[in-house]
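**Q** Residues per chain, in single letters:
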Amino acid sequence: MARRNRDTRAILRTIERSEQRSRLFWWMVDHHDEIVEAARRHRVNWGGFCAEAAKLGLTDTRGRAPTARNARETWRQARRAVAALRAAEAAKPPARPGSIYPSRIPKDWKPEPFRTLGSVGSGTGAALRPPASAAPGAPATPPAHRRPRFLGSPDDPPEVQEMWANLEDQFDKEDRWAGGLPVKRRR
Amino acid sequence: MRDGEMAGDRPPIVALGLGRQRTGKTTLLNTMVQYFRGLGNPLRVWNADQQNRSHTISLFFRDAEDVPGGGIEDAKVWIEARLEDLIRHRYDAVLDVGGGATGFSRLVQEVPLLEAVEANSVRIVGLFCVGPERADLDYLEQFAEVDQFMPASSVIVLNAGLVLSGRTAIGAFGSVIEHPVVKRASSRGACVALLPALTCMPQVTDRGLTFEEAMNGVAPEGGEPLSLFDRARVNRWWSRDVPEFFGKLPHEWLPFPRTTGRVGATESSVEGIV
Numbered sequence: 016m017a018r019r020n021r022d023t024r025a026i027l028r029t030i031e032r033s034e035q036r037s038r039l040f041w042w043m044v045d046h047h048d049e050i051v052e053a054a055r056r057h058r059v060n061w062g063g064f065c066a067e068a069a070k071l072g073l074t075d076t077r078g079r080a081p082t083a084r085n086a087r088e089t090w091r092q093a094r095r096a097v098a099a100l101r102a103a104e105a106a107k108p109p110a111r112p113g114s115i116y117p118s119r120i121p122k123d124w125k126p127e128p129f130r131t132l133g134s135v136g137s138g139t140g141a142a143l144r145p146p147a148s149a150a151p152g153a154p155a156t157p158p159a160h161r162r163p164r165f166l167g168s169p170d171d172p173p174e175v176q177e178m179w180a181n182l183e184d185q186f187d188k189e190d191r192w193a194g195g196l197p198v199k200r201r202r
Numbered sequence: 006m007r008d009g010e011m012a013g014d015r016p017p018i019v020a021l022g023l024g025r026q027r028t029g030k031t032t033l034l035n036t037m038v039q040y041f042r043g044l045g046n047p048l049r050v051w052n053a054d055q056q057n058r059s060h061t062i063s064l065f066f067r068d069a070e071d072v073p074g075g076g077i078e079d080a081k082v083w084i085e086a087r088l089e090d091l092i093r094h095r096y097d098a099v100l101d102v103g104g105g106a107t108g109f110s111r112l113v114q115e116v117p118l119l120e121a122v123e124a125n126s127v128r129i130v131g132l133f134c135v136g137p138e139r140a141d142l143d144y145l146e147q148f149a150e151v152d153q154f155m156p157a158s159s160v161i162v163l164n165a166g167l168v169l170s171g172r173t174a175i176g177a178f179g180s181v182i183e184h185p186v187v188k189r190a191s192s193r194g195a196c197v198a199l200l201p202a203l204t205c206m207p208q209v210t211d212r213g214l215t216f217e218e219a220m221n222g223v224a225p226e227g228g229e230p231l232s233l234f235d236r237a238r239v240n241r242w243w244s245r246d247v248p249e250f251f252g253k254l255p256h257e258w259l260p261f262p263r264t265t266g267r268v269g270a271t272e273s274s275v276e277g278i279v
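So the protein sequences, as listed, match chains A and B. First residue of the first sequence? That's 16 in the numbering used here, and the numbers climb one at a time after it. First residue of the second sequence? That's 6 in the numbering used here, and the numbers climb one at a time after it.
Isolated chain B, as found in the complex (with noise of 0.2 Å):
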């Protein structure tokens, strides 16, 4: 069995962290691979994000693949590999596809990757990042109705960390929710969530910490740890917040580990939902 191959019986399952750039696709990645290798998931983190150097997945796993070449053409290809692969071997990922035009979008443009993935017993989950501003959207109205692409499970992620200092998420939210876009994905199935916000995440990311280094105080090498009550911010957004947040979601939408489901969960109740 291969690094990250894992037996049972549900269906495995591919995260897409969608939307246009800035919008916390990477963040969202980040703290879902951490989240669920935390509980006992080996998933695999495939980094096909070719604009972003500064702030890219990879920083923060060793094992993540990248995508190599910088042409949306090798992007395109080498997703379609990973893919393979996955069908092949039964495996979890999830895959930071960037924001703007990249190798995923001409591949969902050039075949039916939904029916394609899907027709194998495969889950693919679509992450739709969106902040406040009307254009976060273009992506998500892009996607599900010109290309056609909006798979069963997704989930639209309002991304509170995006909300100016000041305002309300529900006032910075509201003409988003509202949105015919979102209605229409809401009515044919997609949930609408909204992540957390973790005002000291910049503080957290910079020092290439994960989240329970940086709560637990350990300081980077040559760095700072982060301040007392950041810790404490990041304590009970990474204790509370982020648990809340998956707990919200379809339980069978994502990657919780085969052997032993969500936790407190039995194993009958896990293989039950697939």
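One chain only, chain A, in its complex shape (with noise of 0.2 Å):
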């Protein structure tokens, strides 16, 4: 996680911090994973949080301070900015084998596939074993919920948000078909 926002702040750094968005929506942005990780736990209480928000300076894009309309509303375009700008960046092609200087790799790399053996059990054949949770008879783990990309809210409910993840899924695949864009490229 913490790598993963260290990527997401240097790739914001790159983005032109317009005036047209508020502090409070760039605050959202660089604390983007907190918060979610936050709204998993609990419900948000956007009363609250608009006035730790407002002792904190931030503000709505006139320099008041937020309502918790405007801050749910903020939120939501936040989250949108911030998977649009990780949708781009892992569309791009991987790096190149051979684009990190020799000496700038790690001493005790190893390729893969090598690392992957060699990290399980004894010997390379306990590599090929399954996994004892998928032994015959062993309880099934149960599968996680998704999470919508870009429709419903963090506020929802767990089965509430599998039901907009799976509606973006049809829709990306309705307009795959149908030569459109997927749903994250929308607006």
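Honestly, I wouldn't trust all of these hints.
With a straight-line cut-off of 25 Å between C-alpha atoms, the simulated DSS-like cross-links for lysine-lysine are [unchecked claim]:
1. B:253 x A:70
2. B:253 x B:188
3. B:188 x A:188
Since the hints were derived computationally from the structure, they do not count as laboratory data. These numbers were taken from a predicted model, which means no experiment stands behind them.
Dock the two chains into a complex; use the hints.
**A** Rendered as structure tokens:
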């Protein structure tokens, strides 16, 4: 998570911080993952949030203390901005092998398959065995709820978030066949 | 045991096609009946659409039961009788209520229909069909917020077949999805789902063919079969898109056959959902 936060911040630093966006917006972008994590545990109390935000001098586009409604909408826009940036970053081709100077490669670096084999059990045969949880009769791990990228709200209960994530998939599929753009690129 | 009557533990399901005219209620119910009958549930078909004559669900199913008479009051009395019969004999059915002011909307205004039917262990599934126009939500708004008719098992079906050519579905439905009526409904447990488009749907329905017949190149009496490419389109839609669409909806809201459940599901897992 920490690595991802650093990566996100690095991407975001490349964006010109337009005056059209509020200080609250940029704060939410900077603290995106922390807010998502907090919202996963508890429903966001936007009234309390605004009181704290005002103390930090986080204002709306007019320089005023944000209202609960304003903060909720700003958070929606911040999530979209971060998701769009991450999607753009993920769409970039992977770094070309050999693009790192040999002197910068860590001493304990190994190619991926060997690292995997060496980390499981004793001997290479252990790596080829299925994990213990895949044994017949073992209880299956319940699937984690998927979180929607754009539709819905982090305040929604998990099953509602799952429904919105399903709908996003359906739109992606429908628009891909129709030659359109995926959900994440709308607007 | 009467036709369509089924024994079993799960409650009978009556699926209602709701929405303004030309939003795809009949198409959805036609698809649903073909799909679940294909899986082995002989669910009954009730047609209370008194406005539509050229594209009614009765054209697709010879055993569909039609409302006698043309008045709203006729339809209301007929629907009441059908529901009483379903409660008594425990089978599954779909009801096409038609659009606009209908016998069903009159019934909803007169009696607390949901409470009355669901108190008898019958699951009402509301299928609210909407296109990309804002006015398509009026019906949902009227039922859900004015008449207080919003079944716990409700699906807001976004009909991608109504999206104009050249537009993306997400672009077309963006304002619908973000409308407060939809948000409120989803927060109360309604499911929102996208019915995938079949671009040659009129070519299938105008021929009075089932989807299986259409994709297999069957010709209607005195007519031509679908073109090669349209057959391929129907094949993809019927074999892949439709199962995926129903697969995204809550299993217990759908009239899967009681004896076998969802394809691939075990008997015990089906029983556990009731």
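**Q** Hint by hint, note whether the structure agrees.
**A** How the hints compare with the structure:
1. B:253 x A:70: violated, 45 Å
2. B:253 x B:188: Since the Cα atoms of residue 253 of chain B and residue 188 of chain B sit roughly 19 Å apart, the hinted pair holds (cutoff 25 Å).
3. B:188 x A:188: Given that 25 Å is the threshold and the Cα spacing comes to 23 Å, the pair holds.
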